[in-house]
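Asker: Chains as they are written, first to last, in our numbering: chain A, 32 to 437; chain B, 100 to 642.
No wet-lab data here; the hints were simulated from the structure.
Everything numeric in this text was worked out from a predicted model, so none of it was measured.
Take these hints with a grain of salt, some might be off.
[Said to hold, decoys possible] Below 20 Å or equal to it, Euclidean Cα-Cα: the simulated SDA-like pairs (lysine to any residue) are: (1) A/Lys188 x A/Pro402; (2) B/Lys618 x B/Asp356; (3) A/Lys192 x A/Tyr166; (4) A/Lys188 x B/Gly346; (5) A/Lys192 x B/Gly346; (6) A/Lys192 x B/Asn235; (7) A/Lys192 x B/Pro214; (8) A/Lys188 x B/Leu191; (9) A/Lys188 x A/Gly59; (10) A/Lys192 x B/Leu210; (11) B/Lys618 x B/Leu210; (12) A/Lys192 x B/Asp356.
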Amino acid sequence: MAEVTVDRGPTTGAGRGMVRLPRALHPGAWWLWALGLATAASHTTNPLPLALLVAVAALVVVRRRGDAPWALAFRMYVWLGAVIVAMRVVFRVVFGGGQGEHVLLRLPEIPLPEWAAGIRLFGPVAAEQVLGGLYDGLRLATMLICLGAANALANPKRLLKAVPGALYAVGTAVVVALSVAPQVVESVLRVRRARRLRGAPGRGMRALRAIALPVLADALDRSLALAASMDSRGYGRTAAVPAGQRAVTGALVLGGLVGVCAGTYGLLDATGPDRLGLPMLLAGLAAAVAGMLLAGRRIRRSRYRPDRWRPAELLVAGCGVTAAALTMLAGAVDPEPLYPPVSPLTWPELTPLVLLAVAAAALPAWLAPPPPLTRTARPPSAPTGVTAAEAVRAAVPPTRVPGGRA
Amino acid sequence: MIRFDRVTVRYPDNGPAPLRDVTLRVEEGELCLVAGRTGAGKSTLLRAINGLVPHFTGGTLHGTVTVDGRDTRTHPPRDLADVVGVVGQDPLSGFVTDTVEEELAYGMEQLALPPTVMRKRVEETLDLLGIADLRNRPLRTLSGGQQQRVAIGAVLTTHPRVLVLDEPTSALDPTAAEDVLATITRLVHDLGVTVVLAEHRLERVVQYADRLLYLPGDGRVVDGPPAEVLADVNLVPPLVELGRLAGWTPLPLSVRDARRQATELRQRLARATPSWPPPATEPATALSARRIVVRHPGTVAVAGVDLDLHTGQIVALMGRNGSGKSSLLWAVQGSGPRQGGAVTVFGPTGAVDPRRLPAHQARRHVGLVPQTPGDLLYLETVDAECHQADRETGVPAGTCRALLDQLAPGLPGDRHPRDLSEGQRLALALAVQLTAAPPVVLLDEPTRGLDYDAKRRFASLVRGLAAAGRSVVVATHDVELVAALADRVIVMAEGEIVADGATAEVMLASPAFAPQVAKVLAPAPWLTVEQVAAALGAAREPA
Chain A
32 MAEVTVDRGP
42 TTGAGRGMVR
52 LPRALHPGAW
62 WLWALGLATA
72 ASHTTNPLPL
82 ALLVAVAALV
92 VVRRRGDAPW
102 ALAFRMYVWL
112 GAVIVAMRVV
122 FRVVFGGGQG
132 EHVLLRLPEI
142 PLPEWAAGIR
152 LFGPVAAEQV
162 LGGLYDGLRL
172 ATMLICLGAA
182 NALANPKRLL
192 KAVPGALYAV
202 GTAVVVALSV
212 APQVVESVLR
222 VRRARRLRGA
232 PGRGMRALRA
242 IALPVLADAL
252 DRSLALAASM
262 DSRGYGRTAA
272 VPAGQRAVTG
282 ALVLGGLVGV
292 CAGTYGLLDA
302 TGPDRLGLPM
312 LLAGLAAAVA
322 GMLLAGRRIR
332 RSRYRPDRWR
342 PAELLVAGCG
352 VTAAALTMLA
362 GAVDPEPLYP
372 PVSPLTWPEL
382 TPLVLLAVAA
392 AALPAWLAPP
402 PPLTRTARPP
412 SAPTGVTAAE
422 AVRAAVPPTR
432 VPGGRA
Chain B
100 MIRFDRVTVR
110 YPDNGPAPLR
120 DVTLRVEEGE
130 LCLVAGRTGA
140 GKSTLLRAIN
150 GLVPHFTGGT
160 LHGTVTVDGR
170 DTRTHPPRDL
180 ADVVGVVGQD
190 PLSGFVTDTV
200 EEELAYGMEQ
210 LALPPTVMRK
220 RVEETLDLLG
230 IADLRNRPLR
240 TLSGGQQQRV
250 AIGAVLTTHP
260 RVLVLDEPTS
270 ALDPTAAEDV
280 LATITRLVHD
290 LGVTVVLAEH
300 RLERVVQYAD
310 RLLYLPGDGR
320 VVDGPPAEVL
330 ADVNLVPPLV
340 ELGRLAGWTP
350 LPLSVRDARR
360 QATELRQRLA
370 RATPSWPPPA
380 TEPATALSAR
390 RIVVRHPGTV
400 AVAGVDLDLH
410 TGQIVALMGR
420 NGSGKSSLLW
430 AVQGSGPRQG
440 GAVTVFGPTG
450 AVDPRRLPAH
460 QARRHVGLVP
470 QTPGDLLYLE
480 TVDAECHQAD
490 RETGVPAGTC
500 RALLDQLAPG
510 LPGDRHPRDL
520 SEGQRLALAL
530 AVQLTAAPPV
540 VLLDEPTRGL
550 DYDAKRRFAS
560 LVRGLAAAGR
570 SVVVATHDVE
580 LVAALADRVI
590 VMAEGEIVAD
600 GATAEVMLAS
610 PAFAPQVAKV
620 LAPAPWLTVE
630 QVAAALGAAR
640 EPA
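From just these sequences and the hints, can you work out the full model?
Answerer: The structure is reproduced here in structure tokens:
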């Protein structure tokens with residue numbers, strides 16, 4: 032990825048004449064946008080729109096990501112996408128099948144026993160088969176890169192904070208688990224290092240026990256300390272709820288989930304009665320949502336600086352949805368250019384509708400407000416603890432000898 | 100503000116009750132210090148204030164505890180969150196979120212405060228604690244002192260009227276500890292917050308306290324003004340010992356009080372000189388390290404340090420948190436990373452670099468007890484650990500147990516290592532490491548969580564090791580321990596050695612590292628109460 036100079040200061044909103052301040056967009060907006068792009072990608076194997084979608088995702092990421100650690104993960108997704116494409120092509124070459132007229136090179140074929148008939152290893156490599164692998168791989172890679180863009184643009188943990196009140200406990204559990212994982216890794220490393228001090232090797236069953244026990248004890252201590260801290264800071268304060276209402280809430284959620292399961296089964300199972308499917312699903316969903324809303328009312332809690340849906344969020348999400356809708360429309364009008372045939376070999380084409388979809392997907396690079404940068408926001412002065420200690424260091428010249436000791 | 104009415108706490112293990120029939124009151128705006136041995140029930144007392152005992156820990160509580168009129172019997176900790184703020188010993192393990200700002204807001208979110216109020220209080224708290232420049236930082240990247248201040252801030256945002264702190268400075272270097280204590284006293288004086296604080300190192304806190312609750316360990320609580328309570332307690336900071344020795348009344352609690360009373364003592368000591376342990380004649384070099392470099396991702400932990408250790412010498416390694424002390428010890432032992440430099444140990448088998456040896460041989464040359472000694476222990480009983488240590492080292496059975504009996508006599512062999520007190524666990528880990536009889540012993544922060552008594556035993560134990568010809572390095576923040584124990588002090592900062600010299604030389608040169616006695620008797624070079632006592636005794640005898 033080339034470095035691109037990015038305007039990160041306040042910019043004027045297009046045509047509206049108001050100053051746009053840097054702020055973080057609602058993570059949901061980025062995810063909707065990315066899902067829209069991924070949906071668009073899933074509806075074509077044409078390499079031209081796919082490549083354009085990857086380029087658009089990269090452009091938006093480079094212009095609108097913050098400087099947090101997860102924002103740098105986009106590069107990884109691009110690499111992963113490249114690996115997927117390469118794997119697909121290599122697989123086609125290895126288990127080729129050799130259909131196609133334009134043979135690029137002839138590899139010696141490895142003869143296989145009788146029972147493996149139908150599988151061919153190597154043999155002639157045709158341009159059609161390589162291209163087929165490339166198209167297929169590119170589609171999957173593009174979808175992955177789109178989701179990677181969402182990950183780079185939105186803090187995954189902030190998305191968890193946006194869950195509805197009833198699921199708050201689940202969200203908290205996930206957040207705690209996410210922060211405990213690195214601590215466990217840390218204590219495994221620490222205990223392994225300590226093992227060496229006792230002169231014991233770091234491998235084998237005995238070592239496993241010697242490492243697992245202190246680590247587990249440590250993790251248990253930490254979780255107890257965390258639970259005590261959360262408890263004494265007010266986690267789980269609930270409004271008084273009469274027992275009857277609790278029972279109703281539980282019944283609604285449970286019944287609703289059962290309804291959702293039955294409805295989904297009805298929809299998917301073609302042999303079942305038709306009227307069971309959709310109505311059942313909808314009724315189940317409604318019951319479950321009602322139950323969760325009721326349960327959410329028990330929890331009294333407020334959010335610090337919550338992410339809100341503002342015009343910019345709606346625009347960004349709308350761009351993603353538009354891109355997906357335009358691609359689907361293009362498929363409905365004329366599916367041929369979206370799935371260019373590999374045999375006979377033809378040059379892939381772009382249609383105006385697809386181009387329009389790509390253009391819509393690129394708009395957030397300008398529509399979204401610039402991200403706040405934490406590093407430049409910090410004043411250059413050192414933290415107080417350090418300055419005080421610096422003074423101490425200055426006061427301890429290594430050579431000074433007081434006269435008292437003789 | 101806080102009332103204990105005939106409170107008795109019992110845990111289900113049928114041990115003695117940590118609190119027995121305790122009645123006390125803490126008034127609004129008091130700074131109340133809780134002191135006592137390890138295991139005397141300090142944490143139980145603190146946790147009973149916000150109902151963690153017994154709601155969270157189990158056990159039974161007889162009597163009533165009320166805070167601001169709320170009975171903890173009917174109010175679990177979460178319902179007291181707006182009245183009592185609790186900060187634990189290890190702030191990192193109590194953090195729920197990942198950035199400073201979110202952590203400050205967490206408690207308020209739970210209390211469902213309106214967003215505008217939250218926004219305002221977060222800003223106020225950031226300023227009050229002087230951590231505004233840290234607001235977006237991930238909590239794990241902060242230094243110990245910063246973490247402790249964030250933890251205090253995180254409970255302050257709910258505007259509690261009582262703040263409960265369990266050893267807030269035990270893991271901090273002297274300067275960071277002073278920052279945290281300054282913050283706490285400011286809260287007491289400016290905001291009228293009632294503070295209840297447990298601390299082992301009384302010398303750091305006692306001068307700020309209005310009240311002292313002393314737990315002798317038998318379930319009682321002795322309650323009174325600090326100077327009165329300390330008069331008949333054997334668990335006292337050096338200042339009080341000096342005061343007792345000189346016969347001052349009331350006993351001084353701050354350096355300022357002591358200096359004002361010490362004019363006469365200074366005159367009496369004017370002609371005496373402190374007795375120093377005679378420097379060993381031409382001590383042999385036990386270990387020599389040259390240009391040690393340790394890098395961690397993103398930082399240079401140790402930047403080309405030269406270090407020579409001599410037989411029979413006790414070296415104290417000091418410096419603020421993160422200055423590279425631990426990295427240096429691990430690199431010297433050979434188990435930790437080392438990107439450059441050479442280490443030579445002049446051991447029983449000639450000069451070797453422990454890093455080039457397999458781990459079980461390296462520990463015969465350099466023994467290291469890590470910061471958390473529990474990491475070394477993984478078996479169910481003390482005896483099993485001792486047997487395992489004997490087997491690992493290939494020494495006659497009983498060697499480790501014999502060492503342990505010297506270090507901590509009478510430790511029950513069937514006890515689980517995790518049930519031992521901090522001091523006992525340290526002794527066990529040290530015994531395990533000494534089984535290999537290394538000529539160089541490195542101790543990383545050994546006195547964390549030790550009370551005065553345990554520290555005194557630890558000091559005599561280390562002196563014993565040195566007398567047996569071993570070279571000992573103790574990395575520590577505890578200036579009083581260093582004054583009483585070390586022959587030589589090395590101060591590190593930013594991975595470099597900034598001071599290296601005889602204890603008196605280094606410690607008297609800077610106020611941050613000067614022990615209390617030195618501050619009282621400056622400019623004369625006295626470091627410890629023992630020296631003063633010896634000089635006074637010598638002066639009295641001829642008379």
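Asker: Each hint needs a verdict: does it hold in this structure or not?
Answerer: Structure-based check of each hint:
1. A distance of roughly 17 Å separates the Cα atoms of A/Lys188 and A/Pro402; the hinted pair therefore holds under the 20 Å criterion.
2. Of the pairs offered as hints, the one joining B/Lys618 and B/Asp356 holds, with about 11 Å between alpha carbons and a cut-off of 20 Å not exceeded.
3. This hinted pair does not check out: A/Lys192 and A/Tyr166 have alpha carbons roughly 38 Å apart, beyond 20 Å.
4. Among the hinted pairs, A/Lys188 with B/Gly346 is inconsistent with the structure: their alpha-carbon atoms are about 62 Å apart, more than 20 Å.
5. Restraint check for A/Lys192 and B/Gly346: not satisfied, since their Cα atoms lie roughly 62 Å apart, outside the 20 Å limit.
6. About 17 Å separates the Cα atoms of A/Lys192 and B/Asn235, which keeps this hinted pair within 20 Å; it holds.
7. Restraint check: the Cα-Cα separation between A/Lys192 and B/Pro214 comes to about 15 Å, which is no more than 20 Å; the hinted pair holds.
8. Among the hinted pairs, A/Lys188 with B/Leu191 is consistent with the structure: their alpha-carbon atoms are about 19 Å apart, no more than 20 Å.
9. Under the criterion of a C-alpha separation no larger than 20 Å, the hint pairing A/Lys188 with A/Gly59 is consistent with the structure, at around 11 Å.
10. For the proposed pair A/Lys192 and B/Leu210, the alpha carbon gap of about 17 Å is at most 20 Å, so the pair holds.
11. Restraint check for B/Lys618 and B/Leu210: not satisfied, since their Cα atoms lie roughly 46 Å apart, outside the 20 Å limit.
12. About 53 Å separates the Cα atoms of A/Lys192 and B/Asp356, which puts this hinted pair outside 20 Å; it is violated.
Of the numbered hints listed earlier, those contradicted by the structure are 3, 4, 5, 11 and 12.
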